[in-house]
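Participant: Next come the chains, spelled out residue by residue.
Number of protein chains: 2
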Amino acid sequence: MSYFRHLCSRFSPTNARRRFGYLSSGFSTSSAPPDRYAGLGPTGAHQKPRVVVLGTGWAGCRLMKGLDPAIYDIVCVSPRNHMVFTPLLASTCVGTLEFRSVAEPIARIQPAISREPASFFFLANCTAIDADNHQVKCESVTEGTEKVDPWKFTISYDKLVIALGAQPTTFGIHGVYEHAIFLREVYHAQEIRRKLLLNLMMSDVPGITEEEKKRLLHCVVVGGGPTGVEFSGELSDFIMRDVRQRYSHVKDYIHVTLIEANEILSSFDVRLRQYATKQLTKSGVRLVRGIVKDVEEKRIILNDGTEVPYGLLVWSTGVGPSSIVHSLDLPKSPGGRIGIDEWLRVPTVEDIFAIGDCSGFIESTGKPVLPALAQVAERQGKYLAILLNKIGKANGGRANTAKNVDFGEQFVYKHLGSMATIGSYKALVDLRQSKEAKGLSLAGFISWFIWRSAYLTRVISWRNRFYVAINWATTFVFGRDISRI
Amino acid sequence: MSYFRHLCSRFSPTNARRRFGYLSSGFSTSSAPPDRYAGLGPTGAHQKPRVVVLGTGWAGCRLMKGLDPAIYDIVCVSPRNHMVFTPLLASTCVGTLEFRSVAEPIARIQPAISREPASFFFLANCTAIDADNHQVKCESVTEGTEKVDPWKFTISYDKLVIALGAQPTTFGIHGVYEHAIFLREVYHAQEIRRKLLLNLMMSDVPGITEEEKKRLLHCVVVGGGPTGVEFSGELSDFIMRDVRQRYSHVKDYIHVTLIEANEILSSFDVRLRQYATKQLTKSGVRLVRGIVKDVEEKRIILNDGTEVPYGLLVWSTGVGPSSIVHSLDLPKSPGGRIGIDEWLRVPTVEDIFAIGDCSGFIESTGKPVLPALAQVAERQGKYLAILLNKIGKANGGRANTAKNVDFGEQFVYKHLGSMATIGSYKALVDLRQSKEAKGLSLAGFISWFIWRSAYLTRVISWRNRFYVAINWATTFVFGRDISRI
Chain A
1280 MSYFRHLCSR FSPTNARRRF GYLSSGFSTS SAPPDRYAGL GPTGAHQKPR
1330 VVVLGTGWAG CRLMKGLDPA IYDIVCVSPR NHMVFTPLLA STCVGTLEFR
1380 SVAEPIARIQ PAISREPASF FFLANCTAID ADNHQVKCES VTEGTEKVDP
1430 WKFTISYDKL VIALGAQPTT FGIHGVYEHA IFLREVYHAQ EIRRKLLLNL
1480 MMSDVPGITE EEKKRLLHCV VVGGGPTGVE FSGELSDFIM RDVRQRYSHV
1530 KDYIHVTLIE ANEILSSFDV RLRQYATKQL TKSGVRLVRG IVKDVEEKRI
1580 ILNDGTEVPY GLLVWSTGVG PSSIVHSLDL PKSPGGRIGI DEWLRVPTVE
1630 DIFAIGDCSG FIESTGKPVL PALAQVAERQ GKYLAILLNK IGKANGGRAN
1680 TAKNVDFGEQ FVYKHLGSMA TIGSYKALVD LRQSKEAKGL SLAGFISWFI
1730 WRSAYLTRVI SWRNRFYVAI NWATTFVFGR DISRI
Chain B
1280 MSYFRHLCSR FSPTNARRRF GYLSSGFSTS SAPPDRYAGL GPTGAHQKPR
1330 VVVLGTGWAG CRLMKGLDPA IYDIVCVSPR NHMVFTPLLA STCVGTLEFR
1380 SVAEPIARIQ PAISREPASF FFLANCTAID ADNHQVKCES VTEGTEKVDP
1430 WKFTISYDKL VIALGAQPTT FGIHGVYEHA IFLREVYHAQ EIRRKLLLNL
1480 MMSDVPGITE EEKKRLLHCV VVGGGPTGVE FSGELSDFIM RDVRQRYSHV
1530 KDYIHVTLIE ANEILSSFDV RLRQYATKQL TKSGVRLVRG IVKDVEEKRI
1580 ILNDGTEVPY GLLVWSTGVG PSSIVHSLDL PKSPGGRIGI DEWLRVPTVE
1630 DIFAIGDCSG FIESTGKPVL PALAQVAERQ GKYLAILLNK IGKANGGRAN
1680 TAKNVDFGEQ FVYKHLGSMA TIGSYKALVD LRQSKEAKGL SLAGFISWFI
1730 WRSAYLTRVI SWRNRFYVAI NWATTFVFGR DISRI
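So the protein sequences, as listed, match chains A and B. Residues in the first sequence are numbered consecutively from 1280, following my numbering. Residues in the second sequence are numbered consecutively from 1280, following my numbering.
Errors might be hidden in some of the hints.
Since the list gives no way to pick out one identical chain from another, each pair is judged satisfied if it fits inside one copy or across any two copies.
In silico lysine-lysine, DSS-like type, Cα no more than 30 Å apart, as pairs [as the list claims (entries may be wrong)]:
1) K1672 <-> K1693
2) K1611 <-> K1344
3) K1530 <-> K1344
4) K1530 <-> K1327
No wet-lab data here; the hints were simulated from the structure. Predicted model only: the values in this text are computed from it and were never measured.
Whole structure, please, built from the sequences with the hints as guidance.
Facilitator: Dropping the structure here:
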């Protein structure tokens, strides 16, 4: 209960009045019966058990989709009320797809969230977990549009699923957070798009030197994983098809450089890597082997001293554990993720599970930490939904009641292969089960067709499937939209 | 030339170095031959004459669409690289239409802007006009994403068309700019949407009082013109169809109030006004006759002392001359707009025209100042394009050469009628030519169908026609999207 003291000291009635002009103490404790407006207290015998899900990424959303609302009330806490279909995010930066086509509201993924009287979505961040008392501490997100301090509340859980994801790695390089843009959220894609269009227009303003023009229109991507490669490919498509037509004054100044310390697409088959390298080079993407040492406002410095001026810098060098994961007093896997056992449980505590990029098998399981892939997260979410439904049916849904339930089969991950598009209607499909295994790998237009078809069936709702198809068709017919809104 | 001195004093080489790291003096003057990168100097005999268009609203865009790029080079200066299809903007706030469906890039309206070597679009604001020297002074727009001062440059024109539009009227009421949102640009619609969705989610957070919940979900619209009424109608559709389903916990708290000092839709036929009042009331919109005295962060105060708490405040009480129009040393019409004669020329100066909301007939023409309507702006743009093409063909395109050209027929405005949607698949169509005239007026579903069809054929490009139709169809089938991106 130690965090409650800390909480109560910050949350004085004076602050409450200042915030919302009323006097409720604002927090339930497990000893007193919960105030109606003071958070969600422990569930009673007349209620369904409550699953609290932290996060709305692939893992959390797939879990919520699979949970049976007849068995559980579902409470989701996330600063984002939608899931981002990340594999298609790179396409939205240049207008091939619309932003909204790759965002799926949680209420469409699990309608119970908005329909059931005791299921909720809270636009908030989890700030602490009190495993002893089965409670999470949350702070509402206001994003500065309401001039109030964040609103704090606690939620009691019967089962807690941590699906908080990861954060981009910067390797401690100075200036990355200030000057580079990541590519993980819709607002990142919006920022990239706005900056790209601004630079295209700025470079056409009279009085700009040749040198400045070149800088403004130099797009640098750091990180040669699938995200970096797909974004580079989309960008070169945009340049070849749309910039040439819509910004013909500056078309010869725009260039894309992809910087990677090792090899691009290192998880793919060597033949596919070579194909990707050849195709990207052919599309005008300059591939540079290098390590970034420092990022300044208008240029990056490589380890060998090379200075690279840029107008747009996109950073996608993979992900690592986020600060909230670091701060949690839970066992860790190799690499610092939340440690889980074969059933995705956090072993030292009761009723807490962790899935997706924030979790990894603890060493004693003898299993390797799985890669931070949508595929892994999705499979874990699906598995855990089935497991939790099973536990609920066996009367183990309530807090501290699952000890004697048979959990059944362990979670086993089977890699279905990797896909990446590289622009110019070409893609790579690697169907090998691991880096070392042998198996089918494809490159070219057929792969691109498979890639599109596969994503189209995986975009969750029919609405978005329809919109993605429409977006692709209109891009093909009319080109990409260039309004800077 | 007085503004040049002012300019040069601010634009020292030291500043230039700080900005872009080079030394060009940055400005052409009419005496020295223009530097290639220092603005656009006067056109030479080997070039086409240059039409400079200030603004990308209905008037400016319709003009550019009609100008013949074989006769003129077209240079457009505006802080916005697209035109907003304003009649459909209210629908984007609640997700009935996508933002991009109502935005049309200038390069699609007049492709010469990006294809012709001497036609340009500059993302900039006009800050002064030097009519004696046929030059405009501009400042580039950077919007803070590039940490540089705005870049300044001048453009010489052969013909100048001022189509700078108007700005919202606030009647000097304190707090409007700080707390209310206008509904004139795509970013306004985006802000309204984000705030509406934030308030819906905030009101569901545990710990919020009943009173605060009601405030957060009270949407107040000030101004009962077509924009205010259409937005209220869209909002009540959104509440009745989507909020009830997606935000069922708070559905009984959300309300819409429309405040108007006089009568709603005062330019429409009295029968239509009564119909609109009845329909809006039926859809749950509270119509309040009142005058706003003061706007605070969370409530507005009416003249009679009533306090109205709100969570979202949209202000649409019409428009008036903008500050740049005030500052221009040009003749004015009654009401302070730029004065024009029967051929849309600014009479005291050579080669300057003004169209759209920024312009009005001078008193000596004996004509009334036309209403600030898209219809008027569009018609003026169309007329002026034909006139300028005619002047160009008669060898009057170059600066100071149109004195002896026969301008032909005067501009005559014929009102084609007004339309407004009021939600619930109902609209008003008033085909009378003026407020006093008799003529056809329609209300109900048929009007709504006419309204949709009319707008669909008027949305400029085929791409956007297609998208508006698709958006309407998906809203009908799947409901509105609620992702807060």
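Participant: Does each hint hold? Answer for all of them.
Facilitator: Structure-based check of all given hints:
For the identical chains of this complex, K1672 and K1693 are intra-copy neighbours only, at 27 Å inside a copy versus 72 Å across copies, given an alpha-carbon limit of 30 Å. Taking the closest pair of Cα atoms, K1611 and K1344 come within 30 Å of each other only inside a single copy of the chain (27 Å); across copies the shortest separation is 63 Å, beyond that limit. Only between protomers do K1530 and K1344 lie at most 30 Å apart by alpha-carbon distance; the minimum there is 23 Å, versus 46 Å within a single protomer. Taking the shortest alpha-carbon separations for K1530 and K1327, only the inter-copy value of 23 Å comes in at or below 30 Å, while the best intra-copy value is 61 Å.
Of the numbered hints stated above, none is contradicted by the structure.
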